[in-house]
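A.B. asks: So you can see what is in the structure, the chains are spelled out below.
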Amino acid sequence: MDALLEMLQKDARLSTSQLAERSGKSEAEIVQMLADAVEAGTILGFHAVVDPDKVERHSVSALIEVKLTPERDGGFDRLAQRIAKFDQVTSCFLMSGGYDLTVIVEGSDLRDVARFVSEKLSTIEGVLSTATHFQLKVYKQSGFLASDHTPDERLSVSP
Amino acid sequence: MRPLEDRIAKQVKGLPRSGIRDFFELVQGRDDVISLGVGEPDFSAPWHIREAAIFSLEKGNTSYTSNLGLLSLRESISGYVEGLFKVHYNPESEILVTVGVSEALDLVCRALLNPGDEVIYHEPCYVSYSPSVAMAYGVPVAVRTRVEDEFVLKAEDIAEKITDKTRLLLLNFPTNPTGAVEPLDELEKIAKLAIEHDLIVVSDEIYCELLYGGESGMEPGEHVSIASLPGMRERTVLLHGFSKAFAMTGFRLGYACAPPVLTEAMMKIHQYSMLCAPIISQTAAIEALENGAGEVEKMRRAYARRRNLMLKRFKEMGVPCFSPGGAFYMFPDIRKFGLSSKDFAVRLLEEENVAVVPGSAFGEAGEGSVRACYATSYEKLETALDRIADFVSRLQ
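Those protein sequence lines, which keep their order, are chains A and B. Per this note's numbering, the first sequence starts with residue 48, numbered consecutively. Per this note's numbering, the second sequence starts with residue 64, numbered consecutively.
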């Protein structure tokens with residue numbers, strides 16, 4: 048399973064027959080393993096990793112540090128899940144350290160993100176404070192370097 | 064003035080031109096060639112290793128090191144070797160850090176051979192074995208390994224070549240160019256032979272981390288070094304390095320592990336000819352040994368997947384190809400096409416723009432096969448194999 052996930056995390060476009068060939072398993076086994084992984088929630092989804100700097104209609108992304116009041120039952124879970132459900136939120140993690148949640152938010156422009164923070168996020172009961180950091184430039188995203196074109200300079204034939 | 068050609072030393076003049084070089088010149092200048100002719104990983108050295116080299120430069124580490132190499136590196140090597148080969152070498156006196164295994168091989172030949180001494184090695188093999196022996200005024204004696212035996216080296220074939228002049232036995236498992244791995248029972252017979260005839264064994268184990276075990280070939284195999292067999296440590300010079308498993312070919316770093324007297328003799332030559340291996344490479348190597356295992360295993364798995372692809376596709380094409388246990392080479396048998404390995408490789412290059420190395424470049428025993436290296440991206444391999452399939456279908 049680990050080998051399968053490793054291959055998919057690098058390239059989710061690989062077909063089941065390609066995955067079968069590369070892992071030495073049968074295609075039927077691969078189909079079953081994938082179905083199981085999706086069913087179990089091990090694989091959450093498949094998407095293209097886009098460099099926002101290369102996209103014509105530039106969206107804005109921000110990392111927001113959120114402090115919460117934990118609840119008697121369930122700690123941070125209920126509030127975190129509630130925040131994560133907003134479409135603007137692309138990622139949401141519970142953190143150790145000086146604040147509780149890291150929330151990554153995407154909007155069409157600065158004002159769009161600011162509006163989400165002031166009108167939605169900070170007004171939720173239990174949210175104590177927010178600190179918003181706007182993203183300026185992407186160097187690496189989801190394991191992919193934004194500019195990584197090292198030419199192959201090996202000799203074409205060598206001992 | 065005497066012509067310059069006449070000034071070249073006899074033993075250098077006598078060296079054959081490398082078949083690899085001939086073929087390299089043919090490939091140069093062609094566009095769109097997919098080369099399966101390389102002998103090194105397609106991966107760059109893992110970033111944490113490169114970063115350690117940069118950091119070492121930033122700190123101003125630009126000096127010579129001890130002739131044997133940095134003690135901290137030798138200590139790391141000692142621990143690594145003990146884990147991998149199950150043999151302990153004292154970092155103070157039994158490990159010499161060299162400029163690649165190539166230098167170590169040269170040192171061992173120069174340190175242990177008197178003119179006319181014979182060295183037995185197995186063919187097909189890495190191109191520098193026979194020249195290294197000849198340059199040390201030794202006499203290289205080749206033992207054939209055969210495709211029918213999956214290129215296993217037979218102790219009985221070695222026995223036939225042993226004379227009263229034989230001093231060294233030079234082994235390389237997993238083997239470049241065949242990918243062959245020596246089975247334990249045969250290795251034990253070879254060890255017995257070495258003890259019986261009082262030979263020193265030089266064992267180049269540069270590919271030993273790249274093994275493909277289990278039924279799927281995906282599991283890491285278990286490497287057995289001849290140095291770990293009973294009675295062998297005291298008569299073995301173990302050669303290893305960083306080029307293949309850690310993808311550090313350009314760092315040029317290897318090492319020799321041997322009893323103190325042999326290490327001292329090799330060190331004498333090394334100190335006058337090389338002084339020491341580059342300190343940047345040595346610092347990078349410490350990082351490789353301390354924190355590199357995860358990356359090595361990742362690369363090994365990538366090679367394993369490609370190896371499975373090659374095996375499957377050669378089988379579909381009807382090209383006989385044994386399943387190699389290690390390294391990153393396939394050595395398919397092309398005899399049924401009625402072409403020499405060179406003609407096969409030249410036509411494949413000219414007609415399909417795929418470069419493989421003629422087996423004859425690795426010694427006479429390599430004739431009848433070609434070496435196809437799978438240290439190339441999976442996608443490129445798929446394209447190369449499609450082209451090879453077209454080519455062989457026209458030959459059939």
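Hints were generated in silico from the structure; no laboratory data involved. Any given hint might turn out to be false.
Calculated cross-link-like contacts (lysine-lysine; reagent style DSSO-like; alpha-carbon spacing at most 27 Å) [stated by the list, open to error]:
#, chain 1, residue 1, chain 2, residue 2
1, A, LYS72, B, LYS443
2, A, LYS57, B, LYS443
3, A, LYS187, B, LYS255
Pulled a few chain B residues facing chain A out of the computed Cβ check, cut under 10 Å [what the hints assert, rightly or not]:
#, residue
4, GLN91
5, MET281
6, GLU285
7, LEU372
8, SER423
9, ALA424
Selected chain B positions facing chain A (Cβ under 8 Å, derived; list incomplete) [claimed, not checked]:
#, residue
10, VAL204
11, GLY280
12, ILE332
13, SER336
14, MET337
15, LYS375
Ideal placement from N, C-alpha and C gives every residue a C-beta, glycine not left out.
A.B. asks: Now tell me, hint by hint, if it's right for this structure.
C.D. replies: Structure-based check of all given hints:
1. LYS72/A <-> LYS443/B: With a Cα-Cα distance of about 22 Å, the restraint between LYS72/A and LYS443/B holds, given a limit of 27 Å.
2. LYS57/A <-> LYS443/B: With Cα atoms ~16 Å apart, LYS57/A and LYS443/B stay inside 27 Å; holds.
3. LYS187/A <-> LYS255/B: violated, 56 Å
4. GLN91: holds, 7 Å
5. MET281: holds, 6 Å
6. GLU285: violated, 19 Å
7. LEU372: holds, 6 Å
8. SER423: violated, 14 Å
9. ALA424: Holds, about 8 Å.
10. VAL204: The hint is violated - VAL204/B has no Cβ within 8 Å of chain A, the shortest such distance being about 21 Å.
11. GLY280: holds, 7 Å
12. ILE332: This interface hint is violated because 23 Å lies over the 8 Å limit.
13. SER336: Given a least distance of 21 Å, the restraint on SER336/B is violated.
14. MET337: violated, 20 Å
15. LYS375: At 7 Å from the nearest chain A Cβ, LYS375/B passes the 8 Å test, so the hint holds.
Violated hints, listed in ascending order, are 3, 6, 8, 10, 12, 13, 14; each of the other numbered hints is respected by the structure.
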